[in-house]
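Using full-length UniProt numbering, the first residue of the sequence shown is number 1, and each one after it goes up by one.
In short, the hints are calculated from the structure, not lab data.
Some clues are possibly wrong.
Below, a list of computed lysine to aspartate or glutamate pairs in the EDC-like style, where the Cα atoms sit at most 16 Å apart [as the list claims (entries may be wrong)]:
| hint | residue 1 | residue 2 |
| --- | --- | --- |
| 1 | K95 | D56 |
| 2 | K147 | D194 |
| 3 | K272 | E250 |
| 4 | K147 | D183 |
| 5 | K166 | D42 |
| 6 | K122 | E225 |
| 7 | K272 | D171 |
| 8 | K60 | E29 |
| 9 | K280 | D194 |
Derived CB-CB ranges, DEER-like [stated by the list, open to error]:
| hint | residue 1 | residue 2 | range |
| --- | --- | --- | --- |
| 10 | D127 | K95 | 43 to 51 Å |
| 11 | K166 | F220 | 26 to 34 Å |
| 12 | K181 | F220 | 15 to 23 Å |
| 13 | Q176 | D239 | 18 to 26 Å |
| 14 | R182 | T253 | 28 to 36 Å |
| 15 | N157 | D239 | 27 to 35 Å |
| 16 | K66 | I193 | 24 to 32 Å |
| 17 | K301 | N251 | 24 to 32 Å |
The model shown is predicted, which means the values in this text are computed figures rather than measured ones.
Backbone N, C-alpha and C define an ideal beta-carbon position, used for all residues, glycine too.
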Amino acid sequence: MNKITTIDLGSNSFRVLIYDCTNHKILDEYNEVVGMADGVNDTGLISIEAQRRVVDAINKSIEKLKYEPNKAVCVTTAAMRMANNSKEVLDYFKKHCDVDFKIIDGQEEARLTLLAVQYALKRENIDSSNFILLDIGGGSTEIIVNKGAEYFSKSFNFGIVTLTQKYFSKDELISQLEVYKRDIKAFLDSLDIDLNPFTFVATAGTPTTIAAIKLGQDFFHYDKEKVNGSTVNLYDLEDCLNIFKNETKENITKLVGKGRVEFIEVGVFIYKSIFEVLEKNESIVLDDGLREGVAIDFCIKSKLA
């Protein structure tokens with residue numbers, strides 16, 4: 001069996017995957033909220049507190065999954081792209097954990113996430129020829145249009161963490177999202193493709209959390225096998241917004257997990273905005289994302305698959 005370890009260090013989440021290249025199966029995984037983008041909007045820097053949280057998460061994942069950190073394929077995204085001290089931060093991780101992170105741009109992030117979703121759709125026996133993919137991250141949001149053997153993508157410079165920390169009222173948030181909606185529509189219109197028959201697919205923490213809540217799951221009883229291939233519609237988003245508005249912080253934490261409570265409502269508003277731009281009624285939800293794409297890409301290029 002040929003296996004690879006991949007690490008996706010996002011703006012809010014840290015995710016590790018042990019992947020079987022031969023059978024294209026996940027062998028083990030580790031997930032933790034690290035809040036890397038916390039404060040980046042204001043300071044332009046990854047804070048030392050965030051760096052320490054990442055180091056702690058890396059060490060815990062090594063202890064749990066028993067992998068060799070210097071052999072892992074590691075990528076990091078929007079927060080590190082934005083930060084003015086990214087080189088120093090990466091040196092810090094190398095010194096304390098022996099991991100080498102590569103900062104990837106929005107286009108590469110989109111390509112790798114798309115690769116994972118293409119594999120996931122086939123696994124779930126869902127047509128993977130024509131679809132629109134939404135990936136809501138902590139510091140950026142990717143929109144990808146897959147049309148047969150070609151795709152078109154754009155990374156937008158907003159995410160659940162950055163928007164939460166930038167806007168302090170619901171009205172301000174909605175007003176800014178209207179601007180982003182126009183930007184997204186302009187990108188889609190520029191493609192000159194009839195997107196009406198295209199399937200709407202969404203990945204990352206916000207869509208999977210909403211799907212899990214719809215299925216009666218919470219953070220501590222999350223079953224991605226049931227989440228994968230499930231659907232979410234606009235009514236489900238409204239139901240979640242009502243839950244987040246009326247439930248206690250303790251109950252919301254049970255539903256979405258520690259470190260996500262303050263961001264999840266903004267994530268729902270972003271998701272809702274994309275529904276409106278696309279004029280879609282529902283989306284398919286998948287748990288697969290960047291770390292799976294990194295693994296699959298490595299397996300293919302190394303001819304281990």
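Checked hints:
For a cut-off of 16 Å, the pair hint linking K95 to D56 stands: about 13 Å separates their Cα positions. This hinted pair checks out: K147 and D194 have alpha carbons roughly 11 Å apart, not beyond 16 Å. A distance of roughly 25 Å separates the Cα atoms of K272 and E250; the hinted pair therefore is violated under the 16 Å criterion. As the CA atoms of K147 and D183 are separated by approximately 21 Å, the hinted pair breaks the 16 Å bound.
A hinted pair counts as satisfied when its Cα atoms are at most 16 Å apart, and K166 with D42 qualifies at roughly 8 Å. Taking the CA atoms of K122 and E225, the gap is about 14 Å. The hint holds against a cut of 16 Å. Of the pairs offered as hints, the one joining K272 and D171 holds, with about 15 Å between alpha carbons and a cut-off of 16 Å not exceeded. A threshold of 16 Å between alpha carbons decides the hint, and for K60 with E29 the separation of about 12 Å falls inside it, so the pair holds.
Restraint check for K280 and D194: the C-alpha separation of about 13 Å stays at or below 16 Å, so the hint holds. D127 and K95 have their C-beta atoms about 47 Å apart, which keeps the hinted 43 to 51 Å range intact. At roughly 31 Å, the beta-carbon separation of K166 and F220 lies within the given 26 to 34 Å, and the hint holds. At roughly 35 Å, the beta-carbon separation of K181 and F220 lies outside the given 15 to 23 Å, and the hint is violated.
For Q176 and D239, the hinted distance range of 18 to 26 Å is satisfied, since their beta carbons lie about 24 Å from each other. Between R182 and T253 the beta carbons are some 35 Å apart, a value that agrees with the proposed interval 28 to 36 Å. The given range of 27 to 35 Å is respected by N157 and D239, whose C-beta atoms sit roughly 29 Å from each other. Range check, K66 to I193: about 46 Å between beta-carbon atoms, so the 24 to 32 Å window is missed.
Distance hint check: the CB atoms of K301 and N251 are about 45 Å apart, inconsistent with the given range 24 to 32 Å.
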